Amino acid sequence: MREFCLVGVVALVTACGGAAVPQESLTAAKASIAGAEVGGAASEPKAALHLKLAKEQVAKAESLISDGDNEEAARVIDRAQADADLSLALAKEVSAEKAAIETKEQLEKLRKKATQ
Amino acid sequence: MKNGFNRIALFTVLSQALLACATPMPPQELLDARTAYDVATKSSAPQYAPAQLDTAKQSLARAEQSFQDNGDEPVTKDLAYVADRRAKLAAAEGSREQAERTRAQMDKDFRSTEIDALETTKSKLENEQRARAEAEKGLADAQKKLSAAMASLTEIAKVKEESRGVVITLSGSVLFATGKSALLPIAQEKLSEVAKALNDQGFKSLLVEGHTDSQGSADKNMVLSQERAESVRTYLISQGIPSDKIKAQGIGSSRPVADNSTAEGRANNRRVEIVVEPLGK
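So the protein sequences, as listed, match chains A and B. In this text, residue positions in the first sequence follow the working numbering: the first is 1, and each later residue adds one. In this text, residue positions in the second sequence follow the working numbering: the first is 1001, and each later residue adds one.
Accuracy of the hints is not assured; some may be wrong.
Claimed, not checked - Think about it this way: if two alpha-carbon atoms lie no more than 25 Å apart in a straight line, the pair counts; the simulated BS3-like pairs of lysine-lysine are:
hint: 1; chain 1: A; residue 1: K113; chain 2: B; residue 2: K1122
hint: 2; chain 1: A; residue 1: K109; chain 2: B; residue 2: K1124
hint: 3; chain 1: B; residue 1: K1247; chain 2: B; residue 2: K1158
hint: 4; chain 1: B; residue 1: K1042; chain 2: A; residue 2: K46
hint: 5; chain 1: A; residue 1: K98; chain 2: B; residue 2: K1108
hint: 6; chain 1: A; residue 1: K112; chain 2: B; residue 2: K1158
hint: 7; chain 1: B; residue 1: K1124; chain 2: B; residue 2: K1137
hint: 8; chain 1: B; residue 1: K1108; chain 2: A; residue 2: K46
hint: 9; chain 1: B; residue 1: K1122; chain 2: A; residue 2: K112
hint: 10; chain 1: A; residue 1: K104; chain 2: B; residue 2: K1158
hint: 11; chain 1: B; residue 1: K1158; chain 2: B; residue 2: K1196
hint: 12; chain 1: A; residue 1: K98; chain 2: B; residue 2: K1042
hint: 13; chain 1: B; residue 1: K1124; chain 2: A; residue 2: K113
FYI, nobody ran anything at the bench for these hints, they're computed from the structure. Computed from a prediction, not measured in an experiment: that's the story for all the values here.
The following block holds chain A by itself, in its conformation from the complex (with noise of 0.2 Å):
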């Protein structure tokens, strides 16, 4: 009884695309909007837009393997994760341009004093 009810479910998820879940994907994108927003993604412009769509496209992924179709749910989560580390690097990128600025700014202030 117990094997026929295996036999059951493989053949249900067979039926239903072939593919198995991709739980490992899905993890690490969920992981890695989590990263781009310690990263502050959140409060620049250009990096806040990708995490929006990692995001979104988490979520699609999430109510597509719940609909069985774990295959268009794999695409889904590479573009999330394509998304999210894209993200993340425009909010670093950001971050070491004003950096960069505000050690400039200071450099020009300290050279002005220094010619006093």
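Using the hints, position chain B against chain A.
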């Protein structure tokens, strides 16, 4: 039936025409990805984020391959979407790395400028200290010279600080023969030393006063005291005291410093006083 056949034939012809026309237009996602990759290759990514740029390149190649194999199917669009993000990431990482390097260099410059500024301040302070030490030494030298001059003066004359200035008193018996106004040789020697000490010390002005005792007529005493004061003034001028800074005045017997009834008192009253108005007063 005939109708149905015609419709199928028409469909076939049309789809064949479409296929023959060309490969389908690339989807927007793929166009975006190509542009993004192009931008990335022209950014600082090749220099500062080559690994990320390579990942973007491979990602774009997969999208292009999918477009070749599957046309503008969703799978192609998804791959192109990912490729677009990978290319933008490479550009962002490149400019981040560049900004960080620039900042690191400026940080280094900041520190070395700070050190330079400290060095400058240090040497400025040292120069100031040296200048102050020199000034102090100059002042000490001047003071030494002054006290030496005063010391040599006190050896030959009585020196007293009064409200009208420093008063140098020379005894009349040392300077002049009785009743005369010509300087004795010994007096000239003494006055030379006084002139030297005064020149060393510096002064604003000098007043030479002649005083007598109360013996003889007041008029005579007045004339004598005036002549004696003039004689001292003339000699001091000959010893380098500027003539416009020295005046002579006869006082006569009107300002005795001792009792005229004794010989010793009268000797003390016969005198020449040089009143020195010091510098900076």
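For each hint, the structure was consulted:
1. The hinted pair formed by K113 of chain A and K1122 of chain B meets the criterion: a straight-line CA distance of about 15 Å does not exceed 25 Å.
2. Restraint check: the Cα-Cα separation between K109 of chain A and K1124 of chain B comes to about 21 Å, which is no more than 25 Å; the hinted pair holds.
3. The hinted pair formed by K1247 of chain B and K1158 of chain B meets the criterion: a straight-line CA distance of about 20 Å does not exceed 25 Å.
4. For the given pair, K1042 of chain B sits about 20 Å from K46 of chain A by alpha-carbon distance, which is consistent with the 25 Å threshold.
5. Of the supplied pair hints, the one linking K98 of chain A and K1108 of chain B holds, its CA atoms being roughly 17 Å apart against a limit of 25 Å.
6. Annotation: proposed proximity of K112 of chain A to K1158 of chain B is violated, straight-line Cα distance about 63 Å (limit 25 Å).
7. At most 25 Å may separate the alpha-carbon atoms for a hinted pair to count; K1124 of chain B and K1137 of chain B meet this at roughly 20 Å.
8. Proximity of K1108 of chain B to K46 of chain A is assessed by CA-CA distance (about 31 Å); at most 25 Å being required, the pair is judged violated.
9. Taken as a hint, the K1122 of chain B and K112 of chain A pair is honoured in the structure, with Cα atoms around 18 Å apart against an allowance of 25 Å.
10. Proximity of K104 of chain A to K1158 of chain B is assessed by CA-CA distance (about 74 Å); at most 25 Å being required, the pair is judged violated.
11. For the suggested pair K1158 of chain B and K1196 of chain B, the alpha carbons sit about 16 Å apart, so the restraint of at most 25 Å is met.
12. Simply put, K98 of chain A and K1042 of chain B have alpha-carbon atoms about 22 Å apart, close enough for the 25 Å limit, and the pair holds.
13. With a CA separation close to 15 Å, the supplied pair K1124 of chain B and K113 of chain A stays within the 25 Å bound.
Hints 6, 8 and 10 from the list above are not met by this structure, while the remaining hints are.
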